[in-house]
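Protein chains: 4
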Amino acid sequence: MKPTFRLILDCPDRVGIVTCAAEFITRHNGWILKASHHSEEESNWFFSRVSVDARSLPFGIEGFRNEFAPIAREFKMNWRIVDSSVPKRVILMVSRESHCLSDLLDRWRNSELECQIPCVISNHEHLRGLVEFYGIPFLHVPVTKENKAEAFEKMVALIEEHRADTIVLARYMQIIPEWVCERYPTRIINIHHSFLPSFVGARPYHQASTRGVKLIGATCHYVTADLDEGPIIDQDVVRVSHTDRVDDLVRLGKDVEKVVLARGVRDHLEDRVMVHGNKTIVFK
Amino acid sequence: MKPTFRLILDCPDRVGIVTCAAEFITRHNGWILKASHHSEEESNWFFSRVSVDARSLPFGIEGFRNEFAPIAREFKMNWRIVDSSVPKRVILMVSRESHCLSDLLDRWRNSELECQIPCVISNHEHLRGLVEFYGIPFLHVPVTKENKAEAFEKMVALIEEHRADTIVLARYMQIIPEWVCERYPTRIINIHHSFLPSFVGARPYHQASTRGVKLIGATCHYVTADLDEGPIIDQDVVRVSHTDRVDDLVRLGKDVEKVVLARGVRDHLEDRVMVHGNKTIVFK
Amino acid sequence: MKPTFRLILDCPDRVGIVTCAAEFITRHNGWILKASHHSEEESNWFFSRVSVDARSLPFGIEGFRNEFAPIAREFKMNWRIVDSSVPKRVILMVSRESHCLSDLLDRWRNSELECQIPCVISNHEHLRGLVEFYGIPFLHVPVTKENKAEAFEKMVALIEEHRADTIVLARYMQIIPEWVCERYPTRIINIHHSFLPSFVGARPYHQASTRGVKLIGATCHYVTADLDEGPIIDQDVVRVSHTDRVDDLVRLGKDVEKVVLARGVRDHLEDRVMVHGNKTIVFK
Amino acid sequence: MKPTFRLILDCPDRVGIVTCAAEFITRHNGWILKASHHSEEESNWFFSRVSVDARSLPFGIEGFRNEFAPIAREFKMNWRIVDSSVPKRVILMVSRESHCLSDLLDRWRNSELECQIPCVISNHEHLRGLVEFYGIPFLHVPVTKENKAEAFEKMVALIEEHRADTIVLARYMQIIPEWVCERYPTRIINIHHSFLPSFVGARPYHQASTRGVKLIGATCHYVTADLDEGPIIDQDVVRVSHTDRVDDLVRLGKDVEKVVLARGVRDHLEDRVMVHGNKTIVFK
Chain D
27 MKPTFRLILD CPDRVGIVTC AAEFITRHNG WILKASHHSE EESNWFFSRV
77 SVDARSLPFG IEGFRNEFAP IAREFKMNWR IVDSSVPKRV ILMVSRESHC
127 LSDLLDRWRN SELECQIPCV ISNHEHLRGL VEFYGIPFLH VPVTKENKAE
177 AFEKMVALIE EHRADTIVLA RYMQIIPEWV CERYPTRIIN IHHSFLPSFV
227 GARPYHQAST RGVKLIGATC HYVTADLDEG PIIDQDVVRV SHTDRVDDLV
277 RLGKDVEKVV LARGVRDHLE DRVMVHGNKT IVFK
Chain F
27 MKPTFRLILD CPDRVGIVTC AAEFITRHNG WILKASHHSE EESNWFFSRV
77 SVDARSLPFG IEGFRNEFAP IAREFKMNWR IVDSSVPKRV ILMVSRESHC
127 LSDLLDRWRN SELECQIPCV ISNHEHLRGL VEFYGIPFLH VPVTKENKAE
177 AFEKMVALIE EHRADTIVLA RYMQIIPEWV CERYPTRIIN IHHSFLPSFV
227 GARPYHQAST RGVKLIGATC HYVTADLDEG PIIDQDVVRV SHTDRVDDLV
277 RLGKDVEKVV LARGVRDHLE DRVMVHGNKT IVFK
Chain L
27 MKPTFRLILD CPDRVGIVTC AAEFITRHNG WILKASHHSE EESNWFFSRV
77 SVDARSLPFG IEGFRNEFAP IAREFKMNWR IVDSSVPKRV ILMVSRESHC
127 LSDLLDRWRN SELECQIPCV ISNHEHLRGL VEFYGIPFLH VPVTKENKAE
177 AFEKMVALIE EHRADTIVLA RYMQIIPEWV CERYPTRIIN IHHSFLPSFV
227 GARPYHQAST RGVKLIGATC HYVTADLDEG PIIDQDVVRV SHTDRVDDLV
277 RLGKDVEKVV LARGVRDHLE DRVMVHGNKT IVFK
Chain G
27 MKPTFRLILD CPDRVGIVTC AAEFITRHNG WILKASHHSE EESNWFFSRV
77 SVDARSLPFG IEGFRNEFAP IAREFKMNWR IVDSSVPKRV ILMVSRESHC
127 LSDLLDRWRN SELECQIPCV ISNHEHLRGL VEFYGIPFLH VPVTKENKAE
177 AFEKMVALIE EHRADTIVLA RYMQIIPEWV CERYPTRIIN IHHSFLPSFV
227 GARPYHQAST RGVKLIGATC HYVTADLDEG PIIDQDVVRV SHTDRVDDLV
277 RLGKDVEKVV LARGVRDHLE DRVMVHGNKT IVFK
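Here the protein sequences line up with chains D, F, L and G, keeping their order. Counting in my numbering, the first sequence runs from 27 upward without gaps. Counting in my numbering, the second sequence runs from 27 upward without gaps. Counting in my numbering, the third sequence runs from 27 upward without gaps. Counting in my numbering, the fourth sequence runs from 27 upward without gaps.
These are computed hints drawn from the structure, not numbers from a lab. No incorrect hints appear here.
The list cannot tell twin chains apart, which means a pair is met if one copy fits it or any two copies do.
Once the Cα atoms are required to be at most 27 Å apart in a straight line, the calculated DSSO-like pairs of lysine-lysine come out as:
#1 Lys60 to Lys102
#2 Lys305 to Lys114
#3 Lys28 to Lys305
#4 Lys114 to Lys180
#5 Lys60 to Lys305
#6 Lys114 to Lys310
#7 Lys102 to Lys305
Chain D on its own, in the form it takes in the complex:
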């Protein structure tokens, strides 16, 4: 992969944004590898992700940041510039189920997910062996009714200590306290084992079986203080029938959970996901 700078921005829509950003890059002889734009009509808001060959520019990321700042100010942009060669730091959190973890770690080792994983945190010991096989520190932080507040303070301390950009809940079966959700907006990614907004909350496969749906799904979303209500990054489904019992739904659902979580995490790591209200723009 070529080293690239990713310019991510959103601002009120008006004439000239694309031109101004493009003109800036061209003026510095930058090679635009990919440019994606989106205009949200209702809110009159503009979103953009532009990736530029880093080697074509006369300056580094700091130079880009300084030079582009006046344009950003003029258009009132929320923006950032990201160096693709600096991997994000991702902490995985898991409980007892291995399918998402095993899938993510295999992808990570095969360079499909470009990130560092400073540690995996779990409220159980079950998955220590797998994590350590991949050479990643495994931190056991038990969570009980009694120690929940304390446990999450410890976890936040670990997140800070390891300078994590992103936390991935890979079937972590604890509800994240509100204050933690609010501390890391659009930085905590969860996989919910239903096709949201169907079957919010506990035991979605049981709910699905009771309702008699003919497809079940999984949803990857950013975690907010409203349980299972955060912005959706990706979803998918699989067909089921009357012959499938709850344990079949659980099994079939795992395949969807794995792939939807992996796609969502990958899109996040590549800075393809922008949040607008409670919705996402995902630039493919």
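Start from chain D and add chains F, L and G according to the hints.
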């Protein structure tokens, strides 16, 4: 298609049901073309659909009914025997949107849906031309706030007069009164333009757009007195993205509505759908 | 829909193309509604589709054409500018099967396909009634072994007479002569009833049944002189099983044919499809 | 899971097969958990899979075999009776790519695949660590142009020594010699990284990219002496677009390969797959 007799039954599960039914057919030299069974473990209930080459049997449908009755009694079966060569009588109900109607009528003319359509009922005049092109009587029964009770009494009279087995709501945009739902259990089929149980009620595509889902769907279900809560026959979905506005969701959703409704109606017409509580068994 | 101008272009890739085009539009106070770009690395070729609010510009389509020409020359562009308010003229060609035709005509009447249909041409009389119901002239041009050359000359004369931009083969069961294919490059759209490149040629559902595939599909592509080898616009599949006989494959396949053809035609009509060698870029 | 006996049979179709088998089981007070039948009209052949609660029968598997033999003879059945509590013995063969292996091993550890894995054989050392982490012996059998015959003799010796029922080629990048294919009919399962019959042979993702298809797929099939021509067990696809380069196709395809191979292997292990000519019946 060979003329077939379809034996449809359900009863408490126990040893010997399959054998007894099969033995009955074989004793009369009947050729079993297809046999499907399902045991619901939780409720300990058994379901079966067996189709037999009608020409291989020494009796007609009445003979079958008489001969099989003692076995049915022994096993406490809910059951029926259906002659595939007698087409069901189906009334379509529509409002202004043509996509489902046009799709169903084309399939009907191509013998994909084996039924008679004695008439199409609509609360609008828009689709008269299309219906009459296919040689089917079009009956306009306007529905207003004031005349709703009366209008539905008229429709029930029409259903009775035309001896309809099945009523298909092909995007009929009126809520069916409770008493009508209860009069025709598992005989009224609706297409709801969302992936139920997500987005019950009005304007589901607007709801889907607001929630920011990444797939939208449609659900074919039997109508019960609980709006959008009846047993689901079939569902499907299509991928959408942040670039799709509500009118795009409406357009993309139509393709799913059409195919899901047609599949559900076909399964119903071929006596493949059995209802158990609020769930369906669909024998493929 | 807002009237828009669509700027469609491709050229050798180099620094500054996006900037130059965007700057041109901005300089004239044009409002860019949507901009899509693609760089093909292997061939170092650049593709772009930009749609601009026509009312935001100080000139009409001719003015745009004149003003933009020097930029196009500089970058050695293949390009065109299209006025979305001028509907394309589309001739449908059909044989005996109604499913694609009926589906396209219903979409057309519902304004899902923005085009004029000056006539439908068929080698059979079967579908005259349906076409005339929609108020479209139906032209019967019989094709036999003996008159094939003559018949296609007549059809080309009709295409010219009706100034058709696009010809859609909606299950037209005749092979188009090479000289006709070459006369209308990327203007004849076909639906092939298999997932190409599987099952080229005749009776693809029979071929699929013989091979025992577990999914069947359909492919919408531009027609070239190489049968079933033209650039693919869209494809899709549906699951089948050992219980499906050839006539079931035919029936299930129709649902895929309809939707794939409609999507391909719509993308073509909206100038979203660009051809590069034997592949397509489809800007969504 | 309840211990079950699975009766798998096929024979010329005629009246009475279902009855006779069902009557046999009922006579011995056997509880039929699931019964699936299929009649292939063209060849007039009948297929069946019946699973019986083993504890409801008065005899063990040998008793079943002896008692059922006369019926089997009468109907000229190919048949076997399988004890679900005796796990099959499966050897996995891999090369360098970990995605299918990692996926299968995680499923195996989670009891999704009920089998024993006496060893994994590879022509490379790359995946030793992963295999040994799961506590499975890893056997390195290098294959070169020079030693190919010898290497496969060694592998067959290993297959025999470990009494393997099934060999799964989980992205094993060597062509299996004809004599090995013929020695283990319907016992060697391969995952081919294309939607067969498209893109037979080497580098299917490159072929797919060149052809410009809009969906790519994977195919799980039994290995026969005809490369990539064996009976298909399962297939699936994923959507791609012009933005996906070959390495994207490779990455996206892996997700399909994993799930299709796992489904095929699971169906095989549960004796759901029957082969008829070059096609499969897969009883779900």
